[in-house]
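Sequence order for the protein chains is B and C. Each residue of the first sequence is one higher than the one before, starting from 1 at the first, in the working numbering. Each residue of the second sequence is one higher than the one before, starting from 1 at the first, in the working numbering.
Everything labelled a hint here was simulated from the structure, so no lab data went into it. Incorrect hints may appear among the rest.
[Stated by the list, open to error] Within a straight-line C-alpha distance of at most 30 Å, the following computed DSS-like cross-link-like pairs (lysine-lysine) qualify:
1. Lys26/C x Lys49/C
2. Lys14/C x Lys87/B
3. Lys114/B x Lys71/B
4. Lys134/B x Lys29/C
5. Lys71/B x Lys29/C
6. Lys87/B x Lys28/C
7. Lys49/C x Lys36/C
8. Lys134/B x Lys46/B
9. Lys114/B x Lys5/C
10. Lys36/C x Lys21/C
11. Lys87/B x Lys114/B
12. Lys44/C x Lys71/B
13. Lys46/B x Lys26/C
14. Lys29/C x Lys64/C
15. Lys114/B x Lys21/C
16. Lys36/C x Lys87/B
17. Lys5/C x Lys28/C
18. Lys89/B x Lys71/B
19. Lys114/B x Lys83/C
20. Lys14/C x Lys29/C
21. Lys8/C x Lys26/C
22. Lys83/C x Lys49/C
23. Lys83/C x Lys64/C
24. Lys5/C x Lys134/B
25. Lys89/B x Lys46/B
26. Lys71/B x Lys8/C
27. Lys87/B x Lys3/C
28. Lys15/B x Lys87/B
29. Lys44/C x Lys21/C
30. Lys15/B x Lys21/C
31. Lys29/C x Lys114/B
32. Lys8/C x Lys126/B
[To be verified] Which chain C residues face chain B? A few, computed with CB under 8 Å, are given here:
33. Asn2
34. Pro4
35. His7
36. Val12
37. Gln16
38. Thr27
39. Met31
40. Met32
As the structure is a prediction and not an experimental result, all values here were calculated from the model. Ideal Cβ placement from N, Cα and C applies to all residues, glycine included.
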Amino acid sequence: MNFTLVEIEELSGEKLKVYSIITEDDEEVGYTRYDRFIEDNSVEFKEEVEDITNRIEVIARYTGLRDDFIKAGEGNIGDGIYALYDKPKSNLRLYFIRYGNVAIVLGGGGQKPKSIRRLQENPQLKEANYFLRKVSAALADAVREGTLSITDEGLESNTDFNYTIDEDE
Amino acid sequence: MNKPKRHKSPAVQKLQQNRSKAAFEKTKKRMMLAAKIQDAIKAKNISYKAFAEMMDQHDSVISKWVSGTHNFTTDTLFDIEDKLGICLVSITEQPSVVTKKYITIVKTSDSVKWDGIPGKGVTKLNSEGNILITASPLESHKHIGLPIFNHSNHEC
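Could you build the full structure based on these sequences and the hints that come with them?
Set out below in structure tokens:
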């Protein structure tokens, strides 16, 4: 599957660049994975989706990314998958890839009520998380190959930010 | 070098247009408050564990405090201020009366009878003699129907 990395204009700020992914399936409608996350959850969990979006915006524009605002270890070691800090009564989890304190790539997420201990217990959550691990691997390859750089200005490349995920992995 | 294309998200736009501004401001203040506490702990060169001991709290409570999602009580904030030597809640030393200044600019050519203002208003006439500036008790302005510009300027 192919995907393109884009910067989310409404969320990106001086303190943190906020990106997301448009897969080839969503290319026609122009939906990012984060747009899908909003669409999927904004009816049942409207306030929570608003809160998540607000927190990302505040981090990007005012506070910068701080370890205490986020939750590490949401993927494999080294793939940089994080989630926002889990509020006590929250139902949703949103995953993203972290690039230092400079940039994040928002993926999707899903319902993770406190009754669920492992993300694998919710197929939607599992799909969102495992998909982002593949995105992280593809971007790590690009960094290794020298076609993607992480600078103080965010992510930069001499390509068009189009990448391919190996579905069989 | 290229940068990723900027994406205008209708979903985020819709959400930002319809959200509660008060809720956004609250989130912003909570996160900025948490950031201030984080910075103060770092500046004191102590670990969160040590801070937890100072505050007589579990480590998990401190994690919550610095997460930017916690709704603090004023007592907790005062305790944190005390232990970290920082100011989180800005209040004046004396529980004084809030001072407000009311300034109204009136053209003398208007039919408003300013000289009938009751109370102890301060008045000035400019060099051309056609502008009157008064600073007088709010009640006086209400009494004769003058517009009121509130220039209150106080912390918090």
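For each hint, the structure was consulted:
1. Lys26/C x Lys49/C: holds (28 Å)
2. Lys14/C x Lys87/B: Within the cut-off at roughly 24 Å; holds.
3. Lys114/B x Lys71/B: Holds - the C-alpha atoms of Lys71/B and Lys114/B are around 15 Å apart, at most 30 Å.
4. Lys134/B x Lys29/C: Answer violated: Lys134/B to Lys29/C is near 36 Å, above 30 Å.
5. Lys71/B x Lys29/C: holds (20 Å)
6. Lys87/B x Lys28/C: holds (16 Å)
7. Lys49/C x Lys36/C: holds (18 Å)
8. Lys134/B x Lys46/B: holds (29 Å)
9. Lys114/B x Lys5/C: Distance ~37 Å between Lys114/B and Lys5/C Cα, so the pair is violated.
10. Lys36/C x Lys21/C: holds (22 Å)
11. Lys87/B x Lys114/B: OK: Lys87/B and Lys114/B at ~10 Å, within 30 Å.
12. Lys44/C x Lys71/B: Holds, because 24 Å separates the two Cα atoms, which is no more than 30 Å.
13. Lys46/B x Lys26/C: holds (17 Å)
14. Lys29/C x Lys64/C: Measuring from Cα to Cα gives roughly 15 Å; hence the hint holds.
15. Lys114/B x Lys21/C: Given pair Lys114/B, Lys21/C holds - Cα atoms ~29 Å apart, limit 30 Å.
16. Lys36/C x Lys87/B: Satisfied, since the Cα-Cα distance of roughly 20 Å is no more than 30 Å.
17. Lys5/C x Lys28/C: With Cα atoms ~27 Å apart, Lys5/C and Lys28/C stay inside 30 Å; holds.
18. Lys89/B x Lys71/B: holds (16 Å)
19. Lys114/B x Lys83/C: violated (33 Å)
20. Lys14/C x Lys29/C: holds (23 Å)
21. Lys8/C x Lys26/C: holds (25 Å)
22. Lys83/C x Lys49/C: holds (14 Å)
23. Lys83/C x Lys64/C: holds (18 Å)
24. Lys5/C x Lys134/B: Answer holds: Lys5/C to Lys134/B is near 21 Å, not above 30 Å.
25. Lys89/B x Lys46/B: holds (14 Å)
26. Lys71/B x Lys8/C: At roughly 27 Å apart (the allowed maximum being 30 Å), Lys8/C and Lys71/B satisfy the hint.
27. Lys87/B x Lys3/C: violated (34 Å)
28. Lys15/B x Lys87/B: Cα-Cα ~23 Å, so holds.
29. Lys44/C x Lys21/C: violated (35 Å)
30. Lys15/B x Lys21/C: Holds. Lys15/B to Lys21/C sits at ~21 Å (cutoff 30 Å).
31. Lys29/C x Lys114/B: holds (27 Å)
32. Lys8/C x Lys126/B: Holds. Lys8/C to Lys126/B sits at ~27 Å (cutoff 30 Å).
33. Asn2: Constraint on Asn2/C satisfied, holds at 5 Å.
34. Pro4: Constraint on Pro4/C satisfied, holds at 5 Å.
35. His7: holds (4 Å)
36. Val12: holds (4 Å)
37. Gln16: Holds: closest Cβ of chain B sits about 6 Å from Gln16/C, inside 8 Å.
38. Thr27: Interface hint status for Thr27/C: holds (4 Å vs cutoff 8 Å).
39. Met31: holds (5 Å)
40. Met32: holds (6 Å)
The structure does not agree with the numbered hints 4, 9, 19, 27 and 29 stated previously, though it agrees with the rest.
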